[in-house]
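Student: Top line first, the protein sequences correspond to chains A and B. Everything in the first sequence is counted per numbering that gives the first Met the number 0, starting at 0 for the first residue and increasing by one. Everything in the second sequence is counted per numbering that gives the first Met the number 0, starting at 0 for the first residue and increasing by one.
Read the hints as simulated data drawn from the structure, not as lab findings. In this text, a Cβ means the ideal position worked out from N, Cα and C, and glycines have one as well. Some hints could be false.
Now the in silico label distances, taken between C-beta atoms and shown as ranges [stated by the list, open to error]: (1) 385/B with 96/A: 49 to 57 Å; (2) 96/A with 126/B: 29 to 37 Å; (3) 98/A with 187/B: 24 to 32 Å; (4) 90/A with 411/B: 56 to 64 Å; (5) 314/B with 107/A: 56 to 64 Å.
Pulled from the structure, derived: some chain A residues nowhere near chain B, Cβ distances all over 10 Å [said to hold, decoys possible]: (6) 77; (7) 84; (8) 86; (9) 105.
Quick list of in silico lysine-lysine cross-link-like pairs, BS3-like style, CA-CA up to 25 Å [stated by the list, open to error]: (10) 334/B with 2/A; (11) 2/A with 93/A; (12) 165/B with 93/A; (13) 2/A with 268/B; (14) 2/A with 163/B; (15) 93/A with 71/A; (16) 307/B with 93/A; (17) 268/B with 93/A.
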Amino acid sequence: MSKYLVLIFQDEVATKEAAGETVSADYQAFMQRRGRSLLGGAALEPAETATSIRRDGSGGFSVTDGPFAESKETLGGYFMIEAADLDEALEIAKEVPAGVGVEVRPVRVAS
Amino acid sequence: MPAASSEVAAAVAEAHRREWAFVLAATVRIAGDIDTAEEAVQDAYASALSTWGTRGIPENPGAWLTVTARRRAVDMHRRAATAQRALPKLLDPEVQSLDDPGRETEDITDDRLRLIFTCCHPALAPDAQVALTLRLLCGLSTADVARAFLLPEATMAARITRAKKKIGAAHIPYRVPAAPELRERVDGVLSVVYLVYTTGHTAPSGGDLMRRDLAERGHELARMLHVLLPGDRDVTGLLALVLLTDARRGARLDEHRELVLMENQDRSKWDRPAIDEGVALLGEVLKLGPPGRFALMAAIAAVHDESKSWSDTDWQEILGLYDLLMETWSTPVVKLNRAIALGFAVGYAEGLAELDALGAEPRLARYPYLPAARADFLTRLGRFDEARVAFEEALILSDNDTERSYLRSRLCELME
Numbered sequence: 000m001s002k003y004l005v006l007i008f009q010d011e012v013a014t015k016e017a018a019g020e021t022v023s024a025d026y027q028a029f030m031q032r033r034g035r036s037l038l039g040g041a042a043l044e045p046a047e048t049a050t051s052i053r054r055d056g057s058g059g060f061s062v063t064d065g066p067f068a069e070s071k072e073t074l075g076g077y078f079m080i081e082a083a084d085l086d087e088a089l090e091i092a093k094e095v096p097a098g099v100g101v102e103v104r105p106v107r108v109a110s
Numbered sequence: 000m001p002a003a004s005s006e007v008a009a010a011v012a013e014a015h016r017r018e019w020a021f022v023l024a025a026t027v028r029i030a031g032d033i034d035t036a037e038e039a040v041q042d043a044y045a046s047a048l049s050t051w052g053t054r055g056i057p058e059n060p061g062a063w064l065t066v067t068a069r070r071r072a073v074d075m076h077r078r079a080a081t082a083q084r085a086l087p088k089l090l091d092p093e094v095q096s097l098d099d100p101g102r103e104t105e106d107i108t109d110d111r112l113r114l115i116f117t118c119c120h121p122a123l124a125p126d127a128q129v130a131l132t133l134r135l136l137c138g139l140s141t142a143d144v145a146r147a148f149l150l151p152e153a154t155m156a157a158r159i160t161r162a163k164k165k166i167g168a169a170h171i172p173y174r175v176p177a178a179p180e181l182r183e184r185v186d187g188v189l190s191v192v193y194l195v196y197t198t199g200h201t202a203p204s205g206g207d208l209m210r211r212d213l214a215e216r217g218h219e220l221a222r223m224l225h226v227l228l229p230g231d232r233d234v235t236g237l238l239a240l241v242l243l244t245d246a247r248r249g250a251r252l253d254e255h256r257e258l259v260l261m262e263n264q265d266r267s268k269w270d271r272p273a274i275d276e277g278v279a280l281l282g283e284v285l286k287l288g289p290p291g292r293f294a295l296m297a298a299i300a301a302v303h304d305e306s307k308s309w310s311d312t313d314w315q316e317i318l319g320l321y322d323l324l325m326e327t328w329s330t331p332v333v334k335l336n337r338a339i340a341l342g343f344a345v346g347y348a349e350g351l352a353e354l355d356a357l358g359a360e361p362r363l364a365r366y367p368y369l370p371a372a373r374a375d376f377l378t379r380l381g382r383f384d385e386a387r388v389a390f391e392e393a394l395i396l397s398d399n400d401t402e403r404s405y406l407r408s409r410l411c412e413l414m415e
């Protein structure tokens, strides 16, 4: 089995509207259905609450307000899942009721 | 019995062309990863050169190469495992029975299918899918794949390495997809094979009209898929399309290697057996259900191939087929071809009007066949000044020397 991180992307506007809401029924249904493959996950506060830290290249940091990459779609939450291979991971990820879509990234295994 | 070195070299070259995919596919599962498998297969071909010279060419070169490559893969695994002080967990239990390749012919058929579905996995970038297919299923070197797509070898090598790395890191499975997904996945595979073929049929650029090697690879891949998935109507449709298009190959250039349009081709030079086979396959497809895009394109090619002459061509039939094609696959290029068919079926002015409307299509903005088709209809309509401008536009956009030479001669005729 391999681990994958499923990053959930949302429209900023939609995220704001949904803020304050608890886990929606769609997500609850998904989590129930795929419970055995889910290792963890969380919804995130809107991207405007994010703080980014960049190395300035000379040993220091620059701390700025906002997400690391500016885009219309922002990271709204994630699941850590376990699947036999990418096909199974994609199958699970397609069921995530994410507004815009998801990114599936294999978790690196030390070799 | 020892064999002459020229004989051995020829046998190895032949085995490379015919058996590469077969041997590699059968080795990947044992090797656990594509890089190891490739290295083991390359070693097997190298050792064939020396071993066949002293012990004679084996009766079944593919089986010999498979056994040798698999043994080599197991050796490589053992060495790596010893180095890492870890057990070779990836190994298949069947490694024990390596000496009996005949036993698992079925498996090996499946192996090639697995390999092509892995290479054409939608999680890989489209150009990487094509590169991997040429590299792993056709056995082309990275340099050859790079040349085929007019890219520096380093760029292509990086692309192939990245794709292989993703196959490993993301665990893209070495497996034929399950039924619910199979349909769309087959379509992706066929698109790759069709792209390989069309890139060879009319080279996007360069001195020759065709990249014969690529056209042949595409042809072989289409045939391989048909052997592996004989009952699939889209696979059968693609093979029919390739056969019916390829049948005209011998008539596309004259003795001065100048382009001859279908209108003026010597139809006795068309490959009758290929046409017959294509038409028979098309018949099979139509029995399997409503035709997909490849079968429809094959049907259009078949109407041309079976017409006695250009003036005998049933343009109404072709137009009807394009209309059906538009329902399933309405791409700008299909629209362009439909407009041309309309010109011959209804009238040049009507065809021209459709072509003019396509001028707003951004995806055709750099496509030389749009101004070339406009130029042709304008010439037929006697609007020579506008035709000249259109030919000049096509000349600017075309990168293929043979096509440019043809366009230039049409332009010269209009200057007289």
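Student: Indicate, hint by hint, whether the structure satisfies it.
Tutor: Hint check:
1. 385/B with 96/A: 49 to 57 Å: Taking Cβ atoms as reference, residue 385/B and residue 96/A lie about 56 Å apart, which means the hint holds.
2. 96/A with 126/B: 29 to 37 Å: holds (32 Å)
3. 98/A with 187/B: 24 to 32 Å: Given range 24 to 32 Å: holds, Cβ gap about 27 Å.
4. 90/A with 411/B: 56 to 64 Å: 60 Å Cβ-Cβ, so the 56 to 64 Å window holds.
5. 314/B with 107/A: 56 to 64 Å: Holds, since residue 314/B and residue 107/A (Cβ atoms, about 59 Å apart) stay within the stated range.
6. 77: holds (17 Å)
7. 84: Nearest chain B Cβ is 4 Å from residue 84/A, so the label is violated.
8. 86: Non-interface label on residue 86/A violated, nearest chain B Cβ at 5 Å vs cutoff 10 Å.
9. 105: violated (4 Å)
10. 334/B with 2/A: Roughly 45 Å between the alpha carbons, so the hint for residue 334/B and residue 2/A is violated.
11. 2/A with 93/A: Judged against 25 Å, a Cα distance of about 16 Å means the pair holds.
12. 165/B with 93/A: holds (20 Å)
13. 2/A with 268/B: Since the Cα atoms of residue 2/A and residue 268/B sit roughly 58 Å apart, the hinted pair is violated (cutoff 25 Å).
14. 2/A with 163/B: Holds. Residue 2/A to residue 163/B sits at ~19 Å (cutoff 25 Å).
15. 93/A with 71/A: At roughly 21 Å apart (the allowed maximum being 25 Å), residue 71/A and residue 93/A satisfy the hint.
16. 307/B with 93/A: violated (52 Å)
17. 268/B with 93/A: violated (52 Å)
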